Amino acid sequence: MDTGTAYGMTMGRPLEELALVGAGTPFGEVLRRYWHPIALSEKVTTRPTSIKVLGEDLVLFRTRKGVAGLLHPRCIHRGASLFYGGVEDEGIRCCYHGWVFTPDGQCIEQPCEPEMGVHRDRMRQPWYPVEELYGMVWAYLGPPDKKPVLPRYDVFENLAEGEIIITNDAGVGGGGPIELDFNWLQHWENVMDPFHVPILHARFSGEQFTPEMALIPEVEFSYTPTGVRSVQMRDLGERGRLRRVTEVMFPNVRVVASPKLSGGTTNMIGWVVPADDTSFRILTLARDTDPDFLRKLRATHDGKPWAELTADEHQSMPGDYEAQKSQGDISLHSEDHMTTTDQGIAMLRRMMAKQVRAVAAGTDPAGIIRDEKLAVVQIEGGNFFESAPESVRA
Amino acid sequence: MDTGTAYGMTMGRPLEELALVGAGTPFGEVLRRYWHPIALSEKVTTRPTSIKVLGEDLVLFRTRKGVAGLLHPRCIHRGASLFYGGVEDEGIRCCYHGWVFTPDGQCIEQPCEPEMGVHRDRMRQPWYPVEELYGMVWAYLGPPDKKPVLPRYDVFENLAEGEIIITNDAGVGGGGPIELDFNWLQHWENVMDPFHVPILHARFSGEQFTPEMALIPEVEFSYTPTGVRSVQMRDLGERGRLRRVTEVMFPNVRVVASPKLSGGTTNMIGWVVPADDTSFRILTLARDTDPDFLRKLRATHDGKPWAELTADEHQSMPGDYEAQKSQGDISLHSEDHMTTTDQGIAMLRRMMAKQVRAVAAGTDPAGIIRDEKLAVVQIEGGNFFESAPESVRA
Amino acid sequence: MDTGTAYGMTMGRPLEELALVGAGTPFGEVLRRYWHPIALSEKVTTRPTSIKVLGEDLVLFRTRKGVAGLLHPRCIHRGASLFYGGVEDEGIRCCYHGWVFTPDGQCIEQPCEPEMGVHRDRMRQPWYPVEELYGMVWAYLGPPDKKPVLPRYDVFENLAEGEIIITNDAGVGGGGPIELDFNWLQHWENVMDPFHVPILHARFSGEQFTPEMALIPEVEFSYTPTGVRSVQMRDLGERGRLRRVTEVMFPNVRVVASPKLSGGTTNMIGWVVPADDTSFRILTLARDTDPDFLRKLRATHDGKPWAELTADEHQSMPGDYEAQKSQGDISLHSEDHMTTTDQGIAMLRRMMAKQVRAVAAGTDPAGIIRDEKLAVVQIEGGNFFESAPESVRA
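Here the protein sequences line up with chains G, U and X, keeping their order. The opening residue of the first sequence carries number 1 in the UniProt record's numbering; numbering runs sequentially from there. The opening residue of the second sequence carries number 1 in the UniProt record's numbering; numbering runs sequentially from there. The opening residue of the third sequence carries number 1 in the UniProt record's numbering; numbering runs sequentially from there.
Since the hints were made in silico from the structure, they are not lab data. You may find that some hints are simply not true.
Restricting the straight-line Cα-Cα distance to at most 20 Å, the calculated cross-link-like pairs of lysine to aspartate or glutamate (EDC-like) are [as the list claims (entries may be wrong)]:
(1) U/K43 <-> X/D312
(2) X/K147 <-> G/D2
(3) U/K146 <-> X/D2
(4) X/K43 <-> G/D312
(5) G/K43 <-> U/E115
(6) X/K52 <-> G/D329
(7) X/K354 <-> X/E29
(8) X/K146 <-> G/D2
(9) G/K43 <-> U/D2
(10) G/K147 <-> U/D2
Owing to the predicted nature of the structure, the values given are computational and were not obtained by experimental measurement.
Make a model of the complete structure from these sequences and hints.
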């Protein structure tokens with residue numbers, strides 16, 4: 001008799017505690033304790049844009065005086081969307097009856113009401129605080145009494161002569177479209193999965209990176225105060241050894257050095273920012289002399305960019321997007337059969353569950369900074385060539 | 001600490017008691033006590049059309065002898081749609097097994113059965129009564145024992161020499177597509193909201209109507225036996241004063257005189273006919289000498305018709321459609337913060353709730369006519385220029 | 001007062017017990033006791049294809065050694081889809097971390113694990129048994145201990161000189177698209193409904209078949225050990241009589257001879273294979289000397305193939321697809337008003353309910369074969385001309 005058939009199999013469940021991002025969900029509340037980059041500063045103008053962050057629809061704009069504002073889109077008066085609002089010096093005016101709101105939600109004008117609204121100061125449009133740093137607009141969607149210091153990163157401080165900070169919101173590292181259409185955790189977990197690289201990115205994708213990345217590495221995983229780290233050793237023969245260090249930092253930071261193996265501490269960091277439970281964007285910062293550094297980094301499949309692949313090529317040369325998207329809109333994590341090579345993912349999930357408990361208990365999750373003097377985060381990730389010839393190190 | 005942020009906000013609820021239109025819903029049953037225009041007579045032919053009214057899918061056709069019929073689409077025999085039926089002299093024949101139904105649902109032929117169906121008189125296709133008046137097909141979807149007289153309107157009786165009645169089903173006054181894709185109440189309420197005009201239609205939409213409409217009016221709202229009325233006064237300086245009267249009549253009539261300010265009692269009336277909870281059409285009647293009067297009335301944005309606006313222009317010159325649609329597919333009315341200028345809407349909602357109670361108690365809601373001699377409704381709405389020079393009055 | 005209007009009507013229910021196909025549903029479990037053709041053998045290659053059968057998503061492929069495999073698509077390791085897998089000599093390799101599975105789900109390689117996975121033999125990818133016969137891949141999705149013998153059919157055994165077996169997966173007999181987008185039972189029932197032919201296929205569809213099919217037949221229905229049979233008599237005048245025999249065999253076989261009236265026992269059989277509750281495909285086998293026999297059989301409407309009809313022509317010349325699709329994505333069977341001419345459908349539903357009870361009781365449903373010596377099924381359906389001149393018989 002046949003054994004192991006699919007008859008009678010059950011379907012499993014997502015790890016909702018860790019995967020969901022909405023207000024009130026366990027990890028959604030963890031995510032709400034941190035600042036998130038939500039847009040490139042250059043794209044925030046006097047024309048309002050609709051943006052979804054952590055399951056919340058919002059409107060983002062910049063007043064004529066230059067202040068960025070992030071508001072709940074539904075006007076508190078009668079509900080028309082501020083997406084259709086007109087931006088003025090001090091705020092945004094609803095198109096329907098003309099109420100004006102400042103970036104922190106105060107109503108400063110009700111033009112059809114007597115005296116421009118005698119009780120207008122009692123009205124408040126729901127808003128979120130934003131800051132601007134490194135060419136990005138950062139938002140804090142959490143409880144006001146828990147708002148931490150906005151972190152800085154050592155790799156973006158003290159630039160060398162000719163270096164600039166480069167911003168990108170087009171999904172660097174996602175291997176697919178700009179807006180990725182599945183649960184963010186499938187992507188973030190993948191950062192702690194160095195073993196997929198020699199299979200997916202060498203054997204399947206066409207050669208995507210460098211020949212060295214086709215080698216199956218020896219890996220050590222460890223916890224850090226802010227996340228999980230993997231150290232991947234590859235023996236390059238006469239050229240020595242490559243020590244590649246990759247980090248995830250809570251709640252959604254990816255520290256992945258260039259897979260094209262430029263040496264030294266990484267010059268770039270990415271943020272996996274959920275739009276909702278089944279879509280996310282990746283915002284990336286880099287330091288380089290070339291303004292096109294991030295654009296050029298985009299992985300290819302036998303030389304073709306992802307967006308130009310045919311359906312047949314997507315199937316025959318799958319990459320990160322195809323593998324992760326095919327896990328499901330939200331993966332059925334309970335069906336996973338984890339093995340020794342999945343240790344990094346297991347550690348990450350354990351640390352995520354720990355932060356859920358911390359937030360539920362009212363304490364700060366990992367990596368929260370409350371002292372402005374400690375705001376600069378140290379980055380350890382990178383590609384380090386040991387005993388390698390000079391030519392490779394460059 | 002930040003105050004008034006969106007963290008922890010709740011989302012509110014629609015006023016379902018007033019907004020929903022389906023059978024068995026509170027206001028759905030109110031709507032079912034009245035006749036509704038559902039199509040232009042000229043479009044009802046021997047080719048059946050699918051039509052949705054108050055959440056019910058129906059098939060509308062005209063027999064070869066000229067009688068309009070409105071039937072439940074699912075053939076009572078085996079369920080094929082009468083949309084595929086063939087119209088004959090006396091009724092419509094189902095394509096599947098050939099049963100023939102008259103406009104009042106009687107089965108007059110079952111061609112594959114012995115003797116054309118010895119029990120065919122026991123079979124009845126569900127149907128609704130229709131009448132034709134003013135070039136429109138009107139339907140009554142309510143309880144048979146409550147069917148009222150079909151109203152007539154004084155403004156469409158006793159036409160002057162050269163005047164004709166003009167019909168339109170293309171969304172006059174909706175400011176958007178022909179089939180409007182949100183809850184009908186957002187549009188109907190807007191009729192009792194004269195204060196949005198100087199903001200939305202002057203400040204935002206590009207100049208849509210006349211310079212006078214940019215003035216913020218003084219408004220008085222009052223109940224009438226059949227609905228709510230607003231009287232809007234605008235001081236035109238040396239040209240005198242404009243008294244503009246707008247009415248809503250139960251359950252879904254809009255009496256809005258031309259915003260282009262032709263003087264006197266209005267020559268047009270519109271009906272806001274829900275297709276279902278999140279879509280509706282506007283059917284309009286007018287009296288004029290110009291057959292294109294209603295087509296020409298369509299609002300523009302800086303001279304461009306709505307359908308030709310780019311996405312950027314929709315955002316930068318929003319009109320009624322953008323404002324009302326952006327309130328949501330069904331607005332979350334409980335989130336509204338009503339002020340003094342929203343008095344007309346508050347009165348309308350109160351009167352709607354009163355009709356719900358009347359119908360639940362088995363009595364007639366407002367404006368029901370049971371005496372054929374009283375069938376002609378008087379219309380008060382219009383633009384009235386007081387102490388104005390002759391030239392403006394014309 | 002009006003009577004019989006649609007006011008207050010209720011909507012009815014599908015016969016879910018018979019119509020639904022998913023695992024654990026009453027008739028879904030009946031369907032799972034039989035082999036089903038799921039694809040043409042020629043289309044099963046080393047490029048995996050996604051396929052849905054009885055509500056289950058599966059991946060179908062052929063190893064480089066030629067063995068067809070049907071696997072659950074979600075890799076048991078971390079959930080990437082085997083649709084992106086690479087097919088090798090012995091099985092399929094997941095693109096994400098390279099695990100290799102044989103057609104019967106055994107894991108034979110875990111390339112990143114020590115020693116290729118010391119515990120890999122404990123891992124089993126859910127799979128289903130397949131066989132190949134008559135140019136089709138057949139699958140069994142039921143309980144392993146109930147797997148029957150794969151049936152053969154007398155009409156496809158012992159081919160005459162020059163005859164071949166022809167396969168088709170393009171919806172022969174469906175009258176619509178290749179993938180039909182409504183519940184399978186509406187199509188299968190229609191096979192036991194000979195009375196729709198003179199109405200739908202003659203009076204409405206334009207002449208689709210032959211003039212003889214426009215005659216309303218005299219019909220006798222009877223149960224057989226494997227299903228229901230109709231014998232339809234048509235008086236052809238001086239040309240004698242046409243005796244047309246149509247069969248349904250459990251659980252989803254259609255034995256419908258050519259409506260173009262070639263004489264003798266039918267040379268073709270079709271299977272109505274549900275993809276899920278609201279879509280199905282028809283796979284057809286025929287024996288003929290012409291490889292294009294099944295392609296040419298496709299019904300037309302006044303000479304035009306279905307796919308080339310305009311929307312107006314679909315409405316004015318409806319065929320099987322329009323009639324059955326318009327019954328609903330799943331018909332509301334409880335609304336049917338069955339008459340004497342619906343006897344065949346009533347018998348079929350009763351026999352279906354009987355098989356549900358048989359399976360629930362742990363016994364075999366109708367037509368299950370357990371003895372390889374009895375594997376050849378006898379087919380009775382066909383067009384038989386009685387006392388007809390020689391010229392018609394050919």
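Now for the hints, and whether the structure bears them out:
For the given pair, U/K43 sits about 15 Å from X/D312 by alpha-carbon distance, which is consistent with the 20 Å threshold. The straight-line distance between the Cα atoms of X/K147 and G/D2 is roughly 9 Å, inside the 20 Å bound, and the hint therefore holds. At roughly 10 Å between alpha-carbon atoms, U/K146 and X/D2 fall within 20 Å of each other, so this suggested pair holds. Only pairs whose Cα atoms come within 20 Å are accepted, and X/K43 paired with G/D312 is accepted, the gap being roughly 15 Å.
As the CA atoms of G/K43 and U/E115 are separated by approximately 76 Å, the hinted pair breaks the 20 Å bound. Pair hint X/K52 plus G/D329 holds up; C-alpha atoms about 18 Å apart against a cutoff of 20 Å. Between X/K354 and X/E29, the direct Cα distance comes to roughly 13 Å. Compliance with the 20 Å bound is thereby established for this hinted pair. The hinted pair formed by X/K146 and G/D2 meets the criterion: a straight-line CA distance of about 10 Å does not exceed 20 Å.
At most 20 Å may separate the alpha-carbon atoms for a hinted pair to count; G/K43 and U/D2 exceed this at roughly 25 Å. Distance hint between G/K147 and U/D2 is fulfilled; the C-alpha atoms sit about 9 Å from each other, no more than 20 Å.
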